[in-house]
Amino acid sequence: MTETSRLFLGRIALYAALAAWAAFYLAPLAVMLLTSVKTLDDIRTGTLLSWPAALTLEPWLKAWSGACTGIRCEGLAPFMWNSVLITLPAVAISTAIGALNGYVLSKWRFRGSELFFGALLLGCFLPFQVLLIPMAQTLKALGLANTVSGLVLVHVICGLASTTLFFRNYYVGVPDELIRAAKLDGAGFFTIFWRILLPVSTPIIVVCVIWQFTQIWNDFLFGVVYSGLDTQPVTVALNNLVNTSTGVKEYNVDMAAALIAALPTLLVYVLAGKHFVRGLTAGAVKG
Amino acid sequence: MAALEIKQVFKNYGSVQVLKDIDLSIESGEFLILVGPSGCGKSTLMNAIAGLDDITAGSISIAGRDVTRLSPKDRDIAMVFQSYALYPSMTVAENIAFGLEMRKVPKTQHEAEVARVARLLQIDHLLARKPAALSGGQRQRVAMGRALARQPQVYLFDEPLSNLDAKLRVEMRTEIKKLHQRLGTTIVYVTHDQIEAMTLADRIAVMRDGRVQQFGTPQQIYDEPVNLFVAGFMGSPAMNFIRADVTRAGSGYGVAVRTARGEAAVLALPERGAGLGPWLGREVILGLRPEQITHVMPHRRDEPLVATLECTVEVAEPTGPDTLIQIRLNEQDVNARIEPRAQAPVGQAMPLMFDMSKAVLFDPATEARCH
Amino acid sequence: MATVMARASGAEHARRDRLQAWLPRLVLAPSVAITLVFVYGFIGWTAALSFTSSKLLPSWNFVGFEQYLKLAENERWLVAAQNLLIFGGLFIAVCLAIGVLLAVLLDQKIRAEGALRAIYLYPMALSFIVTGTAWKWILNPGLGLQKLVQDLGFTGFTFDWLVNPDKAVYTLVIAAVWQASGFVMAMFLAGLRGVDPALIKAAQLDGASLPRIYWRIVLPCLRPVLFSALMILSHIAIKSFDLVAALTGGGPGFATDLPATFMYAHAFTRGQMALGSASAVLMLGAVLAVAVPFLYSELRSKRHD
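Heads up: the protein sequence lines correspond to chains A, B and C, in order. The working numbering applies: residue 1 is where the first sequence begins, and numbers increase by one. The working numbering applies: residue 1 is where the second sequence begins, and numbers increase by one. The working numbering applies: residue 1 is where the third sequence begins, and numbers increase by one.
Simulated from the structure, these hints should not be mistaken for lab results. Glycine included, C-beta positions come from ideal geometry on N, C-alpha and C. One thing to keep in mind: the hints can contain errors.
[Said to hold, decoys possible] No farther apart than 30 Å at their CA atoms in a straight line, the calculated lysine-lysine pairs in the DSSO-like style are these: (1) A:Lys274 with B:Lys107; (2) B:Lys130 with B:Lys107; (3) C:Lys109 with C:Lys167; (4) B:Lys107 with B:Lys167; (5) A:Lys140 with C:Lys70; (6) B:Lys130 with B:Lys7; (7) A:Lys140 with C:Lys55; (8) B:Lys177 with B:Lys358; (9) C:Lys109 with A:Lys274; (10) C:Lys167 with C:Lys70; (11) B:Lys20 with B:Lys7; (12) C:Lys167 with A:Lys249.
[What the hints assert, rightly or not] Away from chain B, derived, C-beta distances all over 10 Å, residues of chain A: (13) Thr39; (14) Gly46; (15) Trp64; (16) Cys73; (17) Ala92; (18) Ala119; (19) Asn169; (20) Arg180; (21) Phe190; (22) Thr191; (23) Arg195; (24) Val200; (25) His275.
[As the list claims (entries may be wrong)] Per label pair, the in silico range of CB-to-CB distance: (26) A:Lys274 with B:Asp124: 53 to 59 Å; (27) A:Ala92 with B:Asp21: 53 to 59 Å; (28) B:Pro88 with A:Leu267: 30 to 36 Å.
Bound-form chain A, shown alone (with noise of 0.2 Å):
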């Protein structure tokens, strides 16, 4: 066999191995996407990847606005809208916060704001376990229990390690001479943020965002401990949904309903991957 005919073959093994791994992390996409549009017969006489016998998009009606959840019987909607009611502020605050705490731990550095950060950094490694019954008792006592306010309360301050530590992190790469500059020109604490950093912030602020988004939009720990039965998450509804058991399971809207709570986050991916993968790596690379 040639050199050239052995690198060729070389390539072809390599890119059907590439192929096979697509499929993997494909194949169970494809599997919701096909039950989800299937009648239960048809499930039942068919296979995970077999095309409907008949094309149906009840599953998905049912999932979004008649599957039992629990007492209520209304579908993922309500739920869908109490997402966003728990994701958005939360995103907002927690991001506006890391931004001016990175802010002041890059640029306005002083004695035991190094030591913060490290406690701060520790924080971000704790498993959530321990904190879960002293929050539970302290929203009880602020009497947020139960609440979209309480469970936003909670996700912003879990949430203020990593934003911290994205913001503080990409202020560390402005230089400081351009604050020295700005100071020397006569422009305050806040005017620097303001008018200099805030400016050039555009990239970290769209990975902070996304970042924040899918953590707290895909978070099931705390929407379960600290939500109540009207103020449930989409993550904690699906899960409810999926598992009562009230007489024949209905595996297409459950599978619908997976993917309907997936969709945003999913989109979000799809839109704006690139920096979603940012996030992850800058993360990670902390060290």
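Model the placement of chains B and C on the given structure of chain A, informed by the hints.
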């Protein structure tokens, strides 16, 4: 009234003393250069003058006003940074006007100020651009323009030319000199390049290890260095330092030298100051700049402080206008500057003329100048 | 200009400057307070609770290490801890292997690299609940994978791991690996791209084959990435709660229980607050056991630089 007065300034970083007893003062319109190797404290001193860092002891006054406790924006100064520090999200015009805006100058005046400065520095056509779209030299000018718009008492330049390539550096150096001559502003300028120091300054402060080694005009620093460090730092190629013993030379004194070929000679020293009596027989360090060791110029041969020696050429480096050769005296390497055509081939000897009128002597123990 | 300067009094300057000097501290203060109270304070609170006999509500009746002793004898906890080791170990090992493999494959100047990368990574954008739900269906004993393979002709194929108490924990591994291996790939790919190409060229000149170059030269350069990946994967493994809730519900029985689900169950649904607190403290201990040596070695290497 001095434009800038620095009195007995000390600065500590924790337990390390980075500025030690700095005493400098310049008049209005003077160009002061702080020069020294990295770590000597020149940038620290500049930041202290600017108010970006505070000092542990001493005082700083600008135009008669004590500014030691004032924040940078209240000191009536402007600074051009090494990396120019132009605000990336603003246009050139906005960059220049930012300081005006901070000091609540009415918006109607901004345009006039920006136009005035732009005309001065020939950056009118760049006003709508952002810093990313400018070349290094253009950014430098905008940075200067930002400083000019403030019309401060003192301008501070922190190594503004080190980010430019060699050719651009020479061009901008001349520009700065012309600007200074035209505007008559007071400038404090930091550099590690001693050529910049020599060409631009009215007065130079040579710094080392947080202390001012010598403060004087360029010519003073060049011809009358106060110690070994200053002598070796200023001038390129560097001054030769030759260890030699002091002996008698006729009715005066001289130093004993031995060439590579083994010939001994005495180079007569000029008479100055306290005289060399106490140094007779002791070893000193003779400081002689390469341009004082040249090829033989017949019309100067008979001058009293001029000596001629046969020396072997060890290494030759032609630079175009002259050739630098290295010889051995007292078993030490010595550089000489000769005319290219006079050079003997490497390994052969040639006559060299030593002009001792500007020779200086240093005490080997204290490194201070002793003659 | 100078007259404007002179008019503002020195005292006014000083007051304004002092406020400015305090602003950074003021701005950071809320976050400092939040971290001190809501993170470190709460950890202390949970630890304190673990030494009490709290059941449904917190009580401050201190009983020493009783809860920890109870945990040591609690069969469900022991199963959970063992599961964590099995699940964690397999999850990390398989993720690393797949991640490194995919990264190396993608590093070969592939034409559709961007698209492939996007495909390998998209599971990270999903909630673990969605992942668990999907895989629960795929691994459904009667109608899922088993039926698919049987219908393809392999009539003897069975795949009932989901309901098999001995095998169920491995289903967790499958789903978790599907979700997280793309992330490991992304990290290693970024790391590979950071390797000095001159090193590879030198090795090629020395006559090394491509696989050997990767194994002996490139991968050893990626030790920092490996440590980062290990840290993050361990973190995910120890925190795993959502996946178990969706995929197996901890079952069959509590065969797929993990410390996180154990803690939730006892603290919130079974009225055993102190026992749950103790389990949370042990989880914290496990994380610190991994994080502290890592941080220590990182700090030490930074000091050498």
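Hints and how they fare:
no., hint, in the structure
1, A:Lys274 with B:Lys107, "violated, 42 Å"
2, B:Lys130 with B:Lys107, "holds, 20 Å"
3, C:Lys109 with C:Lys167, "violated, 40 Å"
4, B:Lys107 with B:Lys167, "violated, 39 Å"
5, A:Lys140 with C:Lys70, "holds, 29 Å"
6, B:Lys130 with B:Lys7, "violated, 41 Å"
7, A:Lys140 with C:Lys55, "holds, 17 Å"
8, B:Lys177 with B:Lys358, "holds, 29 Å"
9, C:Lys109 with A:Lys274, "holds, 19 Å"
10, C:Lys167 with C:Lys70, "holds, 27 Å"
11, B:Lys20 with B:Lys7, "holds, 11 Å"
12, C:Lys167 with A:Lys249, "holds, 23 Å"
13, Thr39, "holds, 57 Å"
14, Gly46, "holds, 58 Å"
15, Trp64, "holds, 44 Å"
16, Cys73, "holds, 53 Å"
17, Ala92, "holds, 22 Å"
18, Ala119, "holds, 23 Å"
19, Asn169, "holds, 18 Å"
20, Arg180, "violated, 5 Å"
21, Phe190, "holds, 13 Å"
22, Thr191, "violated, 7 Å"
23, Arg195, "violated, 8 Å"
24, Val200, "violated, 6 Å"
25, His275, "holds, 20 Å"
26, A:Lys274 with B:Asp124: 53 to 59 Å, "violated, 40 Å"
27, A:Ala92 with B:Asp21: 53 to 59 Å, "holds, 54 Å"
28, B:Pro88 with A:Leu267: 30 to 36 Å, "holds, 32 Å"
In summary, the numbered hints that this structure violates are 1, 3, 4, 6, 20, 22, 23, 24 and 26.
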